[in-house]
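So the protein sequences, as listed, match chains X and V.
Numbered per the working numbering, the first sequence spans residues 249 to 734.
Numbered per the working numbering, the second sequence spans residues 11 to 79.
These are calculated hints, taken from the structure and not from any lab test.
Because the structure is a prediction, the values reported are computed rather than measured.
In this text, a Cβ means the ideal position worked out from N, Cα and C, and glycines have one as well.
One thing to keep in mind: the hints can contain errors.
To be verified - Incomplete in silico selection of chain V near chain X, CB under 8 Å:
| # | residue |
| --- | --- |
| 1 | 14 |
| 2 | 27 |
| 3 | 31 |
| 4 | 38 |
| 5 | 40 |
| 6 | 45 |
| 7 | 51 |
| 8 | 57 |
| 9 | 61 |
| 10 | 62 |
| 11 | 65 |
| 12 | 69 |
| 13 | 76 |
Said to hold, decoys possible - Negatives, chain V to chain X, calculated, CB over 10 Å:
| # | residue |
| --- | --- |
| 14 | 12 |
| 15 | 19 |
| 16 | 54 |
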Amino acid sequence: MDPATTFAVALAAYVLLVLAVGWFATRRASASSEEYFLAGRGLGTLVLFMALFGTNCTAFVLVGIPGQAYHDGLGVFSVNAPIIALGIPLTFWAIGAPARRLAAQYGAMTPAELYSRRFGSRAVGVLLFAFYTLYTLLYMVTAIRGAAVTLNVVTEGGVPEWVGGAAVLVVAVVYTSLGGMRATAWTNVVQGAIFLGFMMAVFFVFADGVSDGAGVSGAMRKVREHDAALLGVKDAGLYAPTAWTSWGLAITLTVIAFPHMLVRLMAADSDRALKNVCRLYPIAIIALWVPAVMIGVWGAVAFPGLEGRDSDQIFSMMAAEYLPPALSALGFLAVLAAVMSTLDAQILTLGSMLSRDVMTPADDERRDIWRGRVFSVVIAVAVFLLWQVGGQSIFSLASIAFSGYVTLTPTLLFGMRWRRFNARGAVTSILIANAVYFLALARAGGIGSAKEPAWLGFLPVMWGLVAGVAGAVLGTLWGGRAATRA
Amino acid sequence: MSTTNRQRLAWLGAAVLLVLHHDFWRERGVELWFGWLPEELAWRLAWMLLTLGYLVWFCAVVWVEDEAA
Numbered sequence: 249m250d251p252a253t254t255f256a257v258a259l260a261a262y263v264l265l266v267l268a269v270g271w272f273a274t275r276r277a278s279a280s281s282e283e284y285f286l287a288g289r290g291l292g293t294l295v296l297f298m299a300l301f302g303t304n305c306t307a308f309v310l311v312g313i314p315g316q317a318y319h320d321g322l323g324v325f326s327v328n329a330p331i332i333a334l335g336i337p338l339t340f341w342a343i344g345a346p347a348r349r350l351a352a353q354y355g356a357m358t359p360a361e362l363y364s365r366r367f368g369s370r371a372v373g374v375l376l377f378a379f380y381t382l383y384t385l386l387y388m389v390t391a392i393r394g395a396a397v398t399l400n401v402v403t404e405g406g407v408p409e410w411v412g413g414a415a416v417l418v419v420a421v422v423y424t425s426l427g428g429m430r431a432t433a434w435t436n437v438v439q440g441a442i443f444l445g446f447m448m449a450v451f452f453v454f455a456d457g458v459s460d461g462a463g464v465s466g467a468m469r470k471v472r473e474h475d476a477a478l479l480g481v482k483d484a485g486l487y488a489p490t491a492w493t494s495w496g497l498a499i500t501l502t503v504i505a506f507p508h509m510l511v512r513l514m515a516a517d518s519d520r521a522l523k524n525v526c527r528l529y530p531i532a533i534i535a536l537w538v539p540a541v542m543i544g545v546w547g548a549v550a551f552p553g554l555e556g557r558d559s560d561q562i563f564s565m566m567a568a569e570y571l572p573p574a575l576s577a578l579g580f581l582a583v584l585a586a587v588m589s590t591l592d593a594q595i596l597t598l599g600s601m602l603s604r605d606v607m608t609p610a611d612d613e614r615r616d617i618w619r620g621r622v623f624s625v626v627i628a629v630a631v632f633l634l635w636q637v638g639g640q641s642i643f644s645l646a647s648i649a650f651s652g653y654v655t656l657t658p659t660l661l662f663g664m665r666w667r668r669f670n671a672r673g674a675v676t677s678i679l680i681a682n683a684v685y686f687l688a689l690a691r692a693g694g695i696g697s698a699k700e701p702a703w704l705g706f707l708p709v710m711w712g713l714v715a716g717v718a719g720a721v722l723g724t725l726w727g728g729r730a731a732t733r734a
Numbered sequence: 011m012s013t014t015n016r017q018r019l020a021w022l023g024a025a026v027l028l029v030l031h032h033d034f035w036r037e038r039g040v041e042l043w044f045g046w047l048p049e050e051l052a053w054r055l056a057w058m059l060l061t062l063g064y065l066v067w068f069c070a071v072v073w074v075e076d077e078a079a
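This is chain X alone, in the form it adopts within the complex:
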């Protein structure tokens, strides 16, 4: 079978598989709003883990991280992977576990709805919805672009970017709107297995390819001969102590602040399932991140001389050079799976927030579900238009999203763990944190400077977080002890 046919067959099989999963979930999804939006709050360990991990990992890990490791070496692993292996599970405990219990108690189905009911304040829900939407739409545009560019490169220009992006959105919207949370969670099991399995398998294939059959040790020796610095950590930029600390905080705290992650935690069937996920997370991060970083480091030996963002192509270049056609096709599917496993969750979550937080939930549950489906389509169209109309400026804007989510974490944490924390504290925290964050961005050099230091060597995210904590404390204590608790 020639490579083009192999690729087409693999793509068709993948699309049919995820659509079939969506179709099978349709019957149960139509039973009630809780079933559609939260899979009946019944996700057990395996599905919950794959749903969370699949949602958490985007094309950024498969494409962006090798691209960065190409220039910076193993430091990319050091600054990212260890701290998220510790931080993400701890945020699941600190925020996710109580959020799950309170959401069930209040009958809340979205994060904004949960906090709105917790404080007895619609303003908190609307404000959270506004910032969630701002940051998530920007995040979604970059994901769509990643899938569209990969599809365009793999087909050697045969599929124009706008067609590829539209096709990915259509497939994701179809299975998401058919089967709701259950469909997205089950497709994430398939998608997570594809990209995790692929990365572990190709680690050894790439090592052999780069070292002419001498395996991992041969590949590592080649790196040392080529540029030993790639096996260490730089001491400037993101790797300087203050930036290292700021960045660690950003990537640790941002994940729990993704509404599409928090809503999955709310769908867990028990604390026991959450605990199991926390135990599995470090292992999965090692399994995914070591190959991702090493693809970039070995790529620097195999394809020296790439400048700037050109290194983002190193994943495709290594796949084309060293993998047989079937595995190469699987590589593209891995990127597509990573994109879609995040995209479906985002579409569902923003659609459900529009349906339940902006509009009043309907008395008729079937109407509520249909409204969620319609809003999923609206979100997808909005993302597509934003991508097409916004052009390159959107991608500069998108870099603010990861750090921007962090400005919401004081509200998310105190809302679950501080009894006196009230609606005034939440509103003050969110507004002040975002104001200071954007000021710090301006100070650091503009909208695209989220990874540049603002003041005293710390990144803008750090200043936004500190302001958010201060705003939460001051806003809560300002009005005396008349704290609200729904």
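Since the structure of chain X is already known, use the hints to place chain V on it.
Chain V only, in chain X's frame:
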């Protein structure tokens, strides 16, 4: 051990892990251990395995299931 002491131990454990993660006091080499494992990667993987142990202990001992929020 009381709940308070377990929680104190959990904070202490997290603090120790953070200090070990901020390892600017350590001389970072580029040697290959056992001929194939870069020293930097070995250090980070060891740290992550320590973290895994900490999380297993944390989930078993510190995390109270269905506690009131």
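Review point. Tell me, which hint numbers fail for this structure?
Key: Numbers 1, 16 - these are the hints that the structure violates, sorted from lowest upward.
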